[in-house]
Amino acid sequence: MVKLRCVIRKVFWNVDCCPRLACRPIHLKAALGAPTIIVHRLRPGCGKCLSGKCMSGKHRFQVNLRGIVDLLAKHLYSRPELFLRELLQNSVDAITARKRLDDRYEGSIRLEIAPADDGLPTLTIVDDGIGMDEAELHRFLATIGESSKRDGGAFLGQFGIGMLAGFMVSDEIIAVSKSARSDSPAVQWHGKENGTYDVRTLAADIEPGTRVSLQSRADCTELFEPTRIAELALHFGRLLPYPIYVNELGGAGSPINSETVPWRASFKTERAQTAALLEYGRRALREDFLDAVPLKSTAGGVDGVAYVSAHSVNLAAQRKHQVYLKNMLLSDEAEGLLPEWAFFVKAVVNVERLRPTASREGFYVDERLEATRTELGECLKQYLMHLPQRDPQRFERFLAVHHLALKSLAAEDDDCFRIFIDWLPFETTYGRKTIRELRADGAEVRYVAELGQFLQIAKVAQAQGLLVVNAGYVYDAALLGRVSEVFPDFQVLPVDVAQFSADLAEPTAEQQRLGRQFLDAAMVSLRPYDCIAELKRFQPPELPALFAPDQEARFFRSVEQAQETADPLYGGILAALTSHRSAPRSIVYFNVENSTVRRLLGVGDERVLARSAEILYVQSLLLAQQPLTSRELSLLTRGLGGLIDAAVERKEQPDVDAV
Amino acid sequence: MSMPFEIETLVREADALPHCEAQVALYERAVALADSVNDLQAGYELRLKLMMSAVFAGRTELMFVAFSWCSAQSDRRPEQFPIRNLLWQFKWFVDNLGDFPQISLTQINAAFDDMRRRYVQHGASLHAVWNIRRQLSLILRDFEESDRCHEEFKNSRRDEFSNCIACVSSGEIEYFAGRRRWELAVESFDRHISDGKRCLTQPAVAYSRVLLPLAKLERWDEAREYQRKGYRLARNQSGFTLVFARHLYFAALDNNVAAAKRMAALHTEAALRATSVYDRMQYVTALGACALCIRRSGGGKITLPLPAEMQLADAKGKVDVAALLEWCRADAVATAELFDKRNGNSHISREVKEWLSMT
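Protein chains in written order, with the working numbering: chain A, 1 to 659; chain B, 1001 to 1359.
These are calculated hints, taken from the structure and not from any lab test. There may be inaccurate statements among the hints.
Distance condition first, Cα-Cα at most 30 Å in a straight line; then the derived BS3-like pairs of lysine-lysine [said to hold, decoys possible]:
1) A:320 with B:1261
2) B:1049 with A:320
3) B:1261 with A:381
4) A:381 with B:1318
5) B:1229 with A:296
6) B:1341 with B:1216
7) B:1049 with A:459
Derived contacts from chain B toward chain A, CB cut-off under 10 Å, selection only [what the hints assert, rightly or not]:
8) 1020
9) 1068
10) 1088
11) 1089
12) 1092
13) 1093
14) 1114
15) 1203
16) 1218
17) 1221
18) 1229
19) 1233
20) 1297
21) 1299
22) 1302
23) 1306
Note that beta-carbon positions come from the ideal geometry of N, C-alpha and C, so glycine has one too.
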């Protein structure tokens, strides 16, 4: 099997070819399921292929044009309207090339839409750029992968496939061109989607430049509506330095891209600039943003604006940006331009010096991209660092929506940590509080670094009147651990479930004495469940027992639960996972403030104490929303059964006092 | 708050987070709630989310438990829980078995055979299966098997169960590096980077995989550049113990004491709690190499947050590098011997000793 690497995109094709057979057509099947492309290969010197034609000497691969276009349509261009961008790009590059010959020359592009009797309109793109002679037509329009624009960074089109994009919406393309470099006559190139083309010299002389005409296919007429063409041309070419006119058959008009984008315009005040940027965002991106931040980077030659989202953004989402490359729209969804912590902005930028990938959805990861990312990140950082003083109200709104982004930045950047830590909010047993509010409450606060543990103790902590901070979310523990760097007198101390529970109040001496027998019975009956019992005194009194497993104990419980249903292979694997570890002990704290527990203190019947401990243990599991294993379920039944038996037996015994 | 609403709230909160401990805890809690009311369907669907979160947050053991439960439900109620839904997760399960020396070769091979059988039953390509077996064989240090699987893998058809192109490409780097074919590993990396392949974990993982091959080829400048780029991408990720181990080891090899100290200070505490025994062993080995590098440069004590039970830090949190080196050596060698006993060879012990002497 031979693999060919496609230069258009990295599609690997498996080629069935038997080297023993001469002149056998090679069927290229793109790995991604595109149609088969048939390539005829001739053995050198053989002179004949299956068609019987004599073709000796050096040859080139021929390709099925429709197959290539289908590949482009499905795997390179995300939508058919991109054909217009490709053709505009060719015009822009032609004008740029002509400017190199004559810097007084201005250049312009016209888009003419002509209706037709058969209902299939024709779009003509006219530029007065460098033009082509006949040899160049053959070379650049009819040789796929050949581009006149690979000599450096000035040109947009480098992959040699732009013209093909026209076949996504049309079955024929006619290009008329006159070179500005020589006196050679004007030429016409007429290409068809069946892969054939003809070239002829024109008798009439025309001005240098190129006219490319495409008649719409029946299924694409919507794209050829004048308003749609104008909309697309503006979307793609808004920033182009050359005017684009859209008219019908030569009518005059203003260029559609005459407006200067606000980040390139001058304003008397910063407020006026921000208002203009936000208005632009509203129009161009159809969204109301919280704020707009001008962006600049010398490394990548970037200018533009970052729009701060007015609503919270998923931290895990990849933010996509509208990116122009050398003033032509590259992508509405480019990634990787800003640092990871800047997930709360959508940027609209023009880049001059970054290399796009062939798919045009991102940039090659190189030093220049990294330097650009750093510089753009610095713009945003400076914006954030000055925002609290510059516009306190807007900062409050920003904080309410994007505190996670600030935490991300503070975790990464020491300066930002020192500036923002006091404002950052954290979840506590008494709702959301900032570090500033926590400091005002006292000189010390405790936090639980694991979310699962926080959820376990939150209710009890709150009932005790204890403020505990939930540091289980990403960045929180790391940030809290460093608070004393900025506020040395404020202690932020980690605590876990075991420590928290151990710190609950001890029963009185009398309660301990009375509860000794109950505790001993509980220890014995709960031992098979790897659980030990303790007596404590805590709020709320309605809670008879607090079950407090640590992470390891919770894991062992989940293994036991899974093993009940797993097949022997997977059950065995789970057993192997826990075999080398001794089962950790969970602790259940019986609450002497609870009336049911109080009644048990001083009871002498061992059986009653054991069954009661079991029932209260299961109840504590349910209150902690822990699923019960089969053993624990049967414990509940046994416990209740035991209590009922005890009650019945007592009833059947003669009343000694009555005798 | 009613139960389904509470589950929905937990899930909504978890879905908004990246893969991390907090997300795992939220999904765990949602699963527990679903189980407490015997809602099988919810328990199954929530476990699928928990598995993904656990794998990427480095909580492999939770993924094992959740997968076993789901697999059992699939066997009992195939129409309600078709096995097709678990074919992707099967890869995670089998791929990570080798990381635990207490799981025997018999168990590993049986699980792999079960995976293969189900893929064939379902009509899926074996592309993903050979990929997993190749990676697993490297962990088991069964090099002949890894070579065989590599050939089978290359000749298999991609399908919906194949890893993404970025991960497949990065896996090839790992294979060549594991086979000590340093130049092929670097060539594979060059292709990976020039193609701009990206996903949740790539190219961060790929950058870490190429460091040792470049060091072996004495292409130090390139390696340093890739460390800089790769570490920046990896630094805040969860479940990256093995990636940090590679970066730390390279810093030690490169005698970059400052970088080694910085990385050790940031990652050691979490790495020592890693549930993957293999990843933890690699990290401890790299930490030992780091201690050796610091000692050779004349350093005596470093600030290093460590679990209290290790009893290596003094009252000021300073750790003696000689004591650290000895601790790492003892811990890593003991773990390596467990792996060798399970694998039936002595490759891992030899490699650990090689890393610890930085040869």
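Evaluation of the provided hints:
Taken as a hint, the residue 320 of chain A and residue 1261 of chain B pair is broken in the structure, with Cα atoms around 36 Å apart against an allowance of 30 Å. Proximity of residue 1049 of chain B to residue 320 of chain A is assessed by CA-CA distance (about 25 Å); at most 30 Å being required, the pair is judged to hold. Straight-line distance between C-alpha atoms of residue 1261 of chain B and residue 381 of chain A comes to about 27 Å, which keeps the hinted pair within the 30 Å bound. With a C-alpha separation of about 34 Å, the suggested pairing of residue 381 of chain A with residue 1318 of chain B is violated against the 30 Å cut-off.
With a CA separation close to 22 Å, the supplied pair residue 1229 of chain B and residue 296 of chain A stays within the 30 Å bound. Between the alpha carbons of residue 1341 of chain B and residue 1216 of chain B the distance comes to roughly 28 Å, so the proposed pair stays at or under 30 Å and holds. With a CA separation close to 27 Å, the supplied pair residue 1049 of chain B and residue 459 of chain A stays within the 30 Å bound. Checking residue 1020 of chain B against chain A by beta carbon gives a least distance of about 5 Å; that is within 10 Å, so the hint holds.
Given hint, residue 1068 of chain B at the interface with chain A, holds; its Cβ is 4 Å from that chain's nearest Cβ, closer than 10 Å. With a cut of 10 Å, the hint placing residue 1088 of chain B at the interface with chain A is violated, because the nearest CB-to-CB distance is about 17 Å. Taking 10 Å as the C-beta contact cut-off toward chain A, the hint placing residue 1089 of chain B at the interface is violated, the least distance being around 12 Å. Checking residue 1092 of chain B against chain A: minimum C-beta separation of about 13 Å lies over 10 Å; hint violated.
Interface restraint check: residue 1093 of chain B against chain A, minimum CB-CB distance 9 Å, threshold 10 Å, status holds. Checking residue 1114 of chain B against chain A: minimum C-beta separation of about 7 Å stays under 10 Å; hint holds. A cut of 10 Å between beta carbons decides the hint on residue 1203 of chain B: the least distance to chain A is about 7 Å, and the hint holds. Hint status for residue 1218 of chain B: violated, given a least beta-carbon distance of 22 Å to chain A, over 10 Å.
Interface hint status for residue 1221 of chain B: violated, as the beta-carbon distance to the closest one in chain A is roughly 13 Å, over 10 Å. Annotation: interface hint on residue 1229 of chain B holds; nearest CB of chain A at approximately 7 Å, less than 10 Å. Hint status for residue 1233 of chain B: holds, given a least beta-carbon distance of 9 Å to chain A, under 10 Å. At a threshold of 10 Å, the smallest CB-CB gap from residue 1297 of chain B to chain A is about 26 Å, leaving the interface hint violated.
At a threshold of 10 Å, the smallest CB-CB gap from residue 1299 of chain B to chain A is about 24 Å, leaving the interface hint violated. A cut of 10 Å between beta carbons decides the hint on residue 1302 of chain B: the least distance to chain A is about 19 Å, and the hint is violated. Because the beta carbon of residue 1306 of chain B sits about 15 Å from the nearest beta carbon in chain A, more than 10 Å, this interface hint is broken.
In this structure, the hints that do not hold are numbers 1, 4, 10, 11, 12, 16, 17, 20, 21, 22, 23, in rising order.
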